[in-house]
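Trainee: Residues per chain are reported as follows:
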Amino acid sequence: MKRAFFLVTLMMLLLLPAMGWATDWYCAATGTNGDGTEANPWAGLSNIDWNLIQPGDTLHLYRGQTYNDQGLTIGTGGNSSAWITIIGDAGAGTGKPIINPGTTTRYALRVDYDYIDVRNLQLVPGWNGTSGAGIKISSSCTGKVRIIGVDVVGTNDKKTAGILIGACDPLLLIDRCTVSGTSWGINIADNVAGAGTISNCVLHDFYIGETEDYDGIRARYADHTGLVIENCDVSGFQGDGIDLFGGSGITVKGCVVHDPSAGSVQGGIKLGGTDSTNNVVTRCIVYNLGSSHPGINFNTGSSSTVSYCLVYGCGNGINVSGNDNKVYNNTLIGSDHGIYVLASYTGIEIKNNILSGINGDLYLNDGDNVEGGYNCFVNDSSVMGSGTYTYTGDATDLYATDSLLTPTYHLSHNSPCINAGTTISGFHETALDIDGQPILGTPDIGCDERKALWWDGRRWHMQKLMVEYRPHNSSVQDEGTNDILDESGSNILDES
Amino acid sequence: MKRILTLFAMFFLMLPVCVYAADVTLTSTDNSSWQSTMVKVGEEVSEIELEWTTNASGNAECTMQLGTALPAGIYYLQGKCIETKPGSPAPTSSYTLTIKDSYSVDVLNGQGAGRSTSLGEAIYIDYTPISPELTLSITGASSGSGNKGYIKMIIHRAR
Numbered sequence: 000m001k002r003a004f005f006l007v008t009l010m011m012l013l014l015l016p017a018m019g020w021a022t023d024w025y026c027a028a029t030g031t032n033g034d035g036t037e038a039n040p041w042a043g044l045s046n047i048d049w050n051l052i053q054p055g056d057t058l059h060l061y062r063g064q065t066y067n068d069q070g071l072t073i074g075t076g077g078n079s080s081a082w083i084t085i086i087g088d089a090g091a092g093t094g095k096p097i098i099n100p101g102t103t104t105r106y107a108l109r110v111d112y113d114y115i116d117v118r119n120l121q122l123v124p125g126w127n128g129t130s131g132a133g134i135k136i137s138s139s140c141t142g143k144v145r146i147i148g149v150d151v152v153g154t155n156d157k158k159t160a161g162i163l164i165g166a167c168d169p170l171l172l173i174d175r176c177t178v179s180g181t182s183w184g185i186n187i188a189d190n191v192a193g194a195g196t197i198s199n200c201v202l203h204d205f206y207i208g209e210t211e212d213y214d215g216i217r218a219r220y221a222d223h224t225g226l227v228i229e230n231c232d233v234s235g236f237q238g239d240g241i242d243l244f245g246g247s248g249i250t251v252k253g254c255v256v257h258d259p260s261a262g263s264v265q266g267g268i269k270l271g272g273t274d275s276t277n278n279v280v281t282r283c284i285v286y287n288l289g290s291s292h293p294g295i296n297f298n299t300g301s302s303s304t305v306s307y308c309l310v311y312g313c314g315n316g317i318n319v320s321g322n323d324n325k326v327y328n329n330t331l332i333g334s335d336h337g338i339y340v341l342a343s344y345t346g347i348e349i350k351n352n353i354l355s356g357i358n359g360d361l362y363l364n365d366g367d368n369v370e371g372g373y374n375c376f377v378n379d380s381s382v383m384g385s386g387t388y389t390y391t392g393d394a395t396d397l398y399a400t401d402s403l404l405t406p407t408y409h410l411s412h413n414s415p416c417i418n419a420g421t422t423i424s425g426f427h428e429t430a431l432d433i434d435g436q437p438i439l440g441t442p443d444i445g446c447d448e449r450k451a452l453w454w455d456g457r458r459w460h461m462q463k464l465m466v467e468y469r470p471h472n473s474s475v476q477d478e479g480t481n482d483i484l485d486e487s488g489s490n491i492l493d494e495s
Numbered sequence: 000m001k002r003i004l005t006l007f008a009m010f011f012l013m014l015p016v017c018v019y020a021a022d023v024t025l026t027s028t029d030n031s032s033w034q035s036t037m038v039k040v041g042e043e044v045s046e047i048e049l050e051w052t053t054n055a056s057g058n059a060e061c062t063m064q065l066g067t068a069l070p071a072g073i074y075y076l077q078g079k080c081i082e083t084k085p086g087s088p089a090p091t092s093s094y095t096l097t098i099k100d101s102y103s104v105d106v107l108n109g110q111g112a113g114r115s116t117s118l119g120e121a122i123y124i125d126y127t128p129i130s131p132e133l134t135l136s137i138t139g140a141s142s143g144s145g146n147k148g149y150i151k152m153i154i155h156r157a158r
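Sequences listed follow chains U and Y, in order. When the count follows numbering that gives the first Met the number 0, it moves up by one through the first sequence with no breaks and lands on 495 for the last residue. When the count follows numbering that gives the first Met the number 0, it moves up by one through the second sequence with no breaks and lands on 158 for the last residue.
Please keep in mind that the hints were generated in silico from the structure rather than gathered at the bench. Keep in mind that this is a model prediction, so the values were computed, not measured. A virtual CB, placed ideally from N, CA and C, is assigned to each residue, including glycine. One or more of the hints may lead you astray.
With a straight-line Cα cutoff of 20 Å, these simulated SDA-like cross-link-like pairs (lysine to any residue) come out [said to hold, decoys possible]:
1) 157(U) / 91(U)
2) 99(Y) / 325(U)
3) 99(Y) / 91(U)
4) 147(Y) / 58(Y)
5) 158(U) / 262(U)
6) 99(Y) / 157(U)
7) 325(U) / 372(U)
8) 99(Y) / 116(U)
9) 99(Y) / 117(Y)
10) 99(Y) / 145(U)
11) 79(Y) / 441(U)
12) 84(Y) / 130(Y)
13) 99(Y) / 152(Y)
14) 84(Y) / 103(Y)
15) 151(Y) / 95(Y)
16) 99(Y) / 63(U)
17) 84(Y) / 131(Y)
18) 84(Y) / 112(Y)
19) 99(Y) / 262(U)
20) 151(Y) / 50(Y)
21) 84(Y) / 60(Y)
22) 151(Y) / 77(Y)
23) 79(Y) / 94(U)
24) 99(Y) / 92(U)
25) 99(Y) / 94(U)
26) 79(Y) / 142(Y)
27) 99(Y) / 57(U)
28) 147(Y) / 77(Y)
Cβ pair distances, simulated, as ranges [unchecked claim]:
29) 395(U) / 50(Y): 55 to 63 Å
30) 138(Y) / 36(U): 22 to 30 Å
31) 138(Y) / 413(U): 49 to 57 Å
32) 225(U) / 62(Y): 41 to 49 Å
33) 62(Y) / 345(U): 40 to 48 Å
34) 93(U) / 87(Y): 46 to 54 Å
35) 437(U) / 138(Y): 39 to 47 Å
36) 87(Y) / 21(U): 38 to 46 Å
37) 117(Y) / 189(U): 53 to 61 Å
38) 125(Y) / 208(U): 18 to 26 Å
39) 62(Y) / 424(U): 15 to 23 Å
40) 116(Y) / 93(U): 16 to 24 Å
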């Protein structure tokens with residue numbers, strides 16, 4: 000018994016160092032340099048002793064303080080069960096800690112290690128005389144990194160990037176971050192493959208003093224199977240809002256791309272490249288790109304699907320090229336063609352779409368082979384084209400003088416598009432409309448499935464109505480206040 | 000009568016804001032469903048008012064789950080979107096409000112400190128995306144239980 004007790008005690012003593020204890024470390028922007036404890040924090044990012052920080056530890060930066068001695072270059076990594084967290088939550092100050100390295104460091108935050116979790120910081124991109132960025136996740140790690148609630152605020156006067164990603168992994172998460180005043184937004188380096196999630200990010204007001212092909216979000220020239228770009232708002236960009244050229248296996252859902260800069264704009268969401276395949280764009284809104292820029296562009300990519308999207312105020316709603324692409328249940332209010340199919344592509348399906356606008360037609364070119372049907376052509380729009388093309392399904396297309404949409408492009412109660420679509424096997428079973436509602440019974444035409452009430456197995460949900468769009472950075476809004484009006488026009492916020 | 004009861008049941012089932020705590024209650028349901036008369040296509044706003052009552056430690060806490068019955072989207076705070084005011088009996092000492100997201104980050108970034116025991120006050124927030132799950136905490140409002148106050152939140156949801 001005595002022996003057993005001794006052995007157990009010995010084992011516990013041996014295991015203790017391996018178990019470790021999470022330690023909180025602290026770094027202030029200035030002051031007397033200490034030992035990294037809360038009572039005596041390190042002073043300045045250059046004084047952080049990374050040798051002391053172990054997996055599971057947390058490094059706290061102080062709210063309301065500005066760190067400008069250098070960028071935050073993370074000097075160690077965690078492990079799969081013990082991430083290292085860097086968080087801006089210490090002290091009694093207000094506002095996120097600001098890291099502004101100036102010209103001392105190229106990146107305000109550099110991550111070379113895995114299992115790093117960074118939260119709640121504001122970063123000003125560094126500058127090495129040529130370029131700089133807010134965040135660099137380097138190829139020295141494998142992309143097991145989380146960046147949450149970090150704002151990159153560029154100075155709007157030089158070529159910088161918001162977030163540069165040199166490695167992808169299913170554990171990569173960029174969530175609730177904002178980027179402004181830089182040239183690029185979030186940029187996965189070309190040819191870097193892998194999965195990850197970019198969600199709930201707002202990218203706006205980019206610097207347009209450069210004329211290169213800058214994009215809001217970029218994931219190109221690689222197999223990105225499992226990469227999800229979700230619920231992001233991209234505006235004020237040049238190049239493309241979201242550029243997936245040469246990328247494959249990417250899902251873009253719930254994103255809003257709108258109001259680009261006055262710079263060299265290409266389009267809203269670009270798929271494409273001959274190596275690009277199996278991409279999905281769904282439940283996105285693209286608008287106000289101007290009459291010469293397509294909302295969504297397949298751009299020779301193949302076997303991809305665009306569905307339940309709303310495009311208005313653009314040139315062509317959707318440009319289709321590449322083989323075996325599917326275009327289902329979109330609402331396209333174009334100032335040019337609703338859908339434009341470039342020449343000599345086959346295996347294309349275009350069904351259940353509303354095409355409306357000045358030339359809101361479906362335009363085909365020589366050699367195209369398109370399976371259509373159940374599209375609603377509004378106000379004299381129709382299937383048009385040049386050369387010899389094949390379009391089947393026209394007997395089921397709907398022609399209407401008015402699709403009876405609400406001012407926000409949802410179906411009115413008396414729209415002819417209600418229950419007028421066709422069920423596409425393998426698609427509608429799991430599809431959600433632009434409001435996130437499931438498709439019950441015969442689908443409606445367009446991006447909105449109108450149901451007064453629907454039941455998800457647990458509770459009833461009410462059909463939502465939408466109203467006029469006002470971007471968050473619109474000049475219509477007051478400084479520091481919101482004008483939020485109810486249906487009677489009264490401000491629901493008490494300004495008194 | 001049966002129909003009225005059914006309608007009542009449906010109304011409560013549709014409330015998208017769930018609050019879990021003994022010392023905080025959802026006091027205003029008038030605007031607690033997502034309203035879409037407001038800001039932009041694909042954007043809705045929810046105004047939520049909570050009444051809190053201090054526990055024996057002089058604190059109150061609750062977890063809110065936004066949008067459990069609604070599709071995903073960007074939830075965010077912006078502008079004059081948080082208001083605090085005392086209830087009756089009022090807090091006896093200046094208190095701190097924190098609203099932490101699912102990663103334990105205070106989205107108010109410390110601006111909830113020093114809340115008045117007698118005045119209604121607003122907190123202005125720069126554009127701040129938040130997680131759908133929030134933990135609201137009141138600390139230091141009194142030395143004991145039973146003191147009350149209110150929090151009004153305007154939360155945007157865009158998708």
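Trainee: Given the hinted pair residue 79(Y) and residue 441(U), is their Cα-Cα distance within 20 Å?
Mentor: violated (44 Å)
Trainee: Take the C-beta atom of residue 125(Y) and the C-beta atom of residue 208(U), compute their distance, and say whether it sits inside 18 to 26 Å.
Mentor: Hint holds: Cβ distance 25 Å, inside 18 to 26 Å.
Trainee: Does the hinted range 53 to 61 Å hold for residue 117(Y) and residue 189(U) at CB?
Mentor: With a Cβ separation near 60 Å, residue 117(Y) and residue 189(U) satisfy 53 to 61 Å, so the hint holds.
Trainee: For residue 99(Y) and residue 157(U), compute the direct alpha-carbon distance and say whether it is at most 20 Å.
Mentor: violated (35 Å)
Trainee: With 39 to 47 Å as the target window, see if residue 437(U) and residue 138(Y) comply at their CB atoms.
Mentor: The hint (39 to 47 Å, Cβ to Cβ) holds, given that residue 437(U) and residue 138(Y) are roughly 42 Å apart.
Trainee: Measure nothing beyond the straight line between the CA atoms of residue 151(Y) and residue 95(Y); if it is 20 Å or shorter, mark the hint as holding.
Mentor: holds (15 Å)
Trainee: With the threshold set at 20 Å, check whether the alpha-carbon distance from residue 99(Y) to residue 325(U) stays at or below it.
Mentor: violated (42 Å)
Trainee: When you take the CB atoms of residue 62(Y) and residue 424(U), is the distance between them in 15 to 23 Å?
Mentor: violated (41 Å)
Trainee: Holds or violated: residue 99(Y) and residue 92(U), Cα atoms, limit 20 Å.
Mentor: holds (16 Å)
Trainee: Within 16 to 24 Å: is that where the Cβ-Cβ distance between residue 116(Y) and residue 93(U) falls?
Mentor: Distance hint for residue 116(Y), residue 93(U) holds at roughly 20 Å.
Trainee: Is the hinted pair residue 99(Y) and residue 116(U) satisfied, with a Cα-Cα distance of at most 20 Å?
Mentor: holds (17 Å)
Trainee: Looking only at beta-carbon atoms, does the pair residue 395(U), residue 50(Y) fall within the given range of 55 to 63 Å?
Mentor: With a Cβ separation near 56 Å, residue 395(U) and residue 50(Y) satisfy 55 to 63 Å, so the hint holds.
The structure shown violates the earlier hints numbered 1, 2, 6, 9, 11, 12, 14, 17, 19, 26, 28, 32, 33, 34, 39.
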